[in-house]
Every structure is written in structure tokens, then in C-alpha cells.
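2 protein chains.
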Amino acid sequence: MRRLAIALVHWPVLDQQGATVTSAITNLDVHDLARSARTYGCSDYFLVHPVSAQRELVARICDHWRDGSSGKRIPDRKVALALIRTATSLEDVFVQLGGRENIEVWVTAARSVGAAPIEAHEARVRLDGQDAGEKPVLLLFGTGWGLAREVLDGADAVIAPIRASEASGYNHLSVRAACAILLDRLRGAR
Amino acid sequence: MRRLAIALVHWPVLDQQGATVTSAITNLDVHDLARSARTYGCSDYFLVHPVSAQRELVARICDHWRDGSSGKRIPDRKVALALIRTATSLEDVFVQLGGRENIEVWVTAARSVGAAPIEAHEARVRLDGQDAGEKPVLLLFGTGWGLAREVLDGADAVIAPIRASEASGYNHLSVRAACAILLDRLRGAR
Numbered sequence: 018m019r020r021l022a023i024a025l026v027h028w029p030v031l032d033q034q035g036a037t038v039t040s041a042i043t044n045l046d047v048h049d050l051a052r053s054a055r056t057y058g059c060s061d062y063f064l065v066h067p068v069s070a071q072r073e074l075v076a077r078i079c080d081h082w083r084d085g086s087s088g089k090r091i092p093d094r095k096v097a098l099a100l101i102r103t104a105t106s107l108e109d110v111f112v113q114l115g116g117r118e119n120i121e122v123w124v125t126a127a128r129s130v131g132a133a134p135i136e137a138h139e140a141r142v143r144l145d146g147q148d149a150g151e152k153p154v155l156l157l158f159g160t161g162w163g164l165a166r167e168v169l170d171g172a173d174a175v176i177a178p179i180r181a182s183e184a185s186g187y188n189h190l191s192v193r194a195a196c197a198i199l200l201d202r203l204r205g206a207r
Numbered sequence: 018m019r020r021l022a023i024a025l026v027h028w029p030v031l032d033q034q035g036a037t038v039t040s041a042i043t044n045l046d047v048h049d050l051a052r053s054a055r056t057y058g059c060s061d062y063f064l065v066h067p068v069s070a071q072r073e074l075v076a077r078i079c080d081h082w083r084d085g086s087s088g089k090r091i092p093d094r095k096v097a098l099a100l101i102r103t104a105t106s107l108e109d110v111f112v113q114l115g116g117r118e119n120i121e122v123w124v125t126a127a128r129s130v131g132a133a134p135i136e137a138h139e140a141r142v143r144l145d146g147q148d149a150g151e152k153p154v155l156l157l158f159g160t161g162w163g164l165a166r167e168v169l170d171g172a173d174a175v176i177a178p179i180r181a182s183e184a185s186g187y188n189h190l191s192v193r194a195a196c197a198i199l200l201d202r203l204r205g206a207r
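Protein sequence lines, in the order shown, are assigned to chains A and B. Going from the first sequence to the numbering used here is simple: count from 1 and add 17. Going from the second sequence to the numbering used here is simple: count from 1 and add 17.
Because the hints were derived from the structure by calculation, they are not lab data. You may find that some hints are simply not true.
Pairs count within a copy or across copies, as identical chains cannot be separated in the list.
Unchecked claim - SDA-like cross-link-like pairs, simulated, lysine to any residue; straight-line CA separation at most 20 angstroms: (1) K152 - Q113; (2) K95 - N44; (3) K152 - I135; (4) K89 - W162.
Model, not experiment: these values are computed from the prediction.
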């Protein structure tokens with residue numbers, strides 16, 4: 018099984034008008050994506066934020082659930098939060114994973130993008146590759162109105178938007194829901 | 018396609034010690050489950066709480082996203098929140114759906130229960146039933162440490178816990194993630 022890491026990107030992401038902005042850390046994103054990542058055997062969960070005070074907030078949340086009163090109250094949580102790493106930028110994530118050339122970067126986008134997307138079931142087959150030489154996969158999720166164009170353009174693969182079997186015409190899942198669904202499609206028991 | 022409604026139960030649910038308690042409304046549960054429900058074509062999203070002040074909180078959140086400043090800022094959200102109904106109890110939900118005898122109640126439980134569970138793919142087939150005479154399905158999710166025993170015992174079907182393909186030994190998804198994954202397994206495009 019190939020190594021799979023996830024990253025939640027707070028910069029560069031889009032706002033409603035399509036401008037590139039920095040979004041704020043959301044407490045439940047820290048918890049929910051860590052729990053989903055741990056359930057589906059991810060190796061790392063990177064929270065990408067250029068502002069040091071926001072990265073320190075993540076560290077304080079993790080400390081509280083590791084060594085603080087909440088760590089005693091709900092010990093399961095620290096097992097999930099142990100996957101969390103902070104990074105100043107995507108480049109920092111690449112370095113922490115051994116360099117951009119040594120990983121595959123996959124993105125998922127609710128909106129259509131230029132590159133021909135692959136379906137989640139195709140991505141699942143690629144991820145199941147038994148060849149130990151295959152590169153680790155880094156799966157990126159965007160906050161706000163999604164990952165900036167240059168992040169999508171720089172990816173090695175784009176996974177098609179999540180859809181219902183009977184098109185509902187609505188495609189506004191939370192990032193907490195989208196990450197959970199995609200990890201289940203990639204690594205859920207079938 | 019059979020009608021599918023979901024309910025998030027705040028009473029009766031278990032606490033960490035197994036006692037039956039009432040949990041508090043969480044703002045992001047209101048939003049995330051509504052967005053997932055809307056994406057996968059659910060007809061209703063019931064928030065079940067016996068305390069009127071908590072049901073009024075739900076109503077205020079919905080008002081804010083329908084008629085308030087947030088409704089203007091993110092108009093997509095009101096489409097999802099329009100699925101929300103509040104209920105004082107599960108019995109109240111049953112009445113709102115036409116009576117307990119006229120619906121099928123399904124539960125999903127992270128822990129094992131007495132009744133033989135069905136796998137999500139079996140539940141998907143049952144839900145796809147083309148027979149218009151089949152009863153609507155009400156899918157229950159518990160907050161806290163899960164639905165109380167009597168709720169599980171009173172269900173018509175129990176869906177097996179969500180698992181990863183390579184067992185990670187960790188099964189502590191957030192209810193926001195668990196609901197999203199199960200709806201995708203039941204009604205996601207394959």
C-alpha cells in the first residue's frame with residue numbers, strides 16, 4: 018500500500034470572487050480531518066498556513082488534546098492528532114515529504130479544471146499499487162472557495178468532483194465531508 | 018428512488034461511561050449534515066433535541082443563513098439548510114414522517130450491536146428499490162458516544178460500522194464525517 022498523506026491548504030486559496038486569499042484555521046477541521054486520516058491509514062495530515070500565530074494555534078490545540086485535560090478525557094483523540102504536522106507553504110510540505118520530485122501530488126476540486134480528471138475508483142487502483150518503489154501520494158484539500166489555480170495546475174492528478182448517483186444539482190460539501198468521502202472512496206472496505 | 022431522511026439525535030445518546038444523556042447542538046453539525054443531505058438528495062434533516070432553547074438555536078441559525086447577512090453572502094447555504102426540521106423526540110420525527118408504521122428506521126453504529134448488521138452496499142440496494150410502495154427510510158445518527166440501546170433495538174435495520182480496507186484499528190470518525198461517508202456509500206455515483 019502506497020503511503021498517503023493529506024494536506025489542508027489555507028493559502029493560496031480562492032475567495033468567493035476568485036481572488037487568492039489566506040483563510041483561517043477552523044478548529045473542527047483540525048479534529049475531523051485528523052480522525053478521518055487516522056481511520057483510513059494516512060501517514061500525515063499537514064495544516065498549511067503562512068501565518069505563524071495560526072500554526073501556533075494548531076500546536077496549542079494538539080497540546081491540549083495530548084497533554085491537557087481533554088487528552089485525559091478523550092484519549093482516542095490524541096491518536097488522531099498525532100498525525101498533524103504544520104507547514105508554512107506547500108513547498109514546505111514537499112520538503113517534509115522528501116522533495117517534490119519524490120512524491121505525487123493529487124488534488125480534488127469541486128469545480129471543473131483544465132486537466133482531465135480521473136475518477137476516484139481509478140485513483141483507488143493507483144493508490145493500491147503494490148510496487149514499493151511507487152512514490153508516496155500527497156492529497157490536497159482547499160479551504161475557502163477551493164485551491165488556487167496554480168496549485169491545481171501543478172498537480173500530478175486531479176480527482177473528479179464527488180457526485181451523487183442521481184444528480185442533485187448541489188455540490189457544496191464541507192471540506193470535512195469531502196475529505197471523509199474521498200478517503201473512503203480511496204481506502205474504504207468494499 | 019425511495020425517500021431518504023436523516024436525523025441527528027441529541028437524546029437519548031450515551032456518554033463516555035454509557036449513561037444516557039442529552040448532548041448539545043453543535044453549529045457545524047447543523048451545516049455539514051445539511052450540505053451532505055442536500056448533495057445526496059435527502060428529503061429532510063431532523064435535529065432531535067428535547068430542550069426548546071436548543072431547537073430555537075437551530076431555528077436562529079437557519080434564519081441567519083436564510084434571511085440574514087450570511088444568507089446574502091453565501092446563498093448556496095440556504096438551499097441546504099432548507100432541509101432542516103427540528104423535533105422534540107424521535108417519536109416526533111416519526112409523526113412528522115407519517116407515523117412509525119409507515120417508515121423504515123435504519124441506524125448506523127460505530128460499535129457492534131445485537132442485531133445482525135447489513136453492509137452499506139446491501140443497504141444501497143434496498144434503498145434503490147424502484148417499488149413506489151416501499152416505505153421512506155429514516156437514517157439515524159447519534160451524537161456523543163452514540164445512540165442509546167433502546168434506539169438501536171427499535172430500528173428496522175442496523176448498518177455495519179464504516180471500516181477502512183486495511184483495518185487501522187481506529188474507528189472514531191466525527192458524526193460529520195460518518196454521515197457524509199454513509200450517504201456517499203448509499204447514494205454516491207459509482
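Evaluated hints:
1. Proximity of K152 to Q113 under the C-alpha cut-off of 20 angstroms is restricted to the intra-copy arrangement: shortest distance 14 angstroms within a copy versus 53 angstroms between copies.
2. For the identical chains of this complex, K95 and N44 are intra-copy neighbours only, at 15 angstroms inside a copy versus 23 angstroms across copies, given an alpha-carbon limit of 20 angstroms.
3. In the homo-oligomer, the alpha carbons of K152 and I135 lie at most 20 angstroms apart inside one protomer (18 angstroms), although the nearest pairing across protomers, at 37 angstroms, exceeds that limit.
4. In this assembly of identical chains, K89 and W162 lie within 20 angstroms of each other by CA distance solely across copies; the values are 16 angstroms between and 36 angstroms within a copy.
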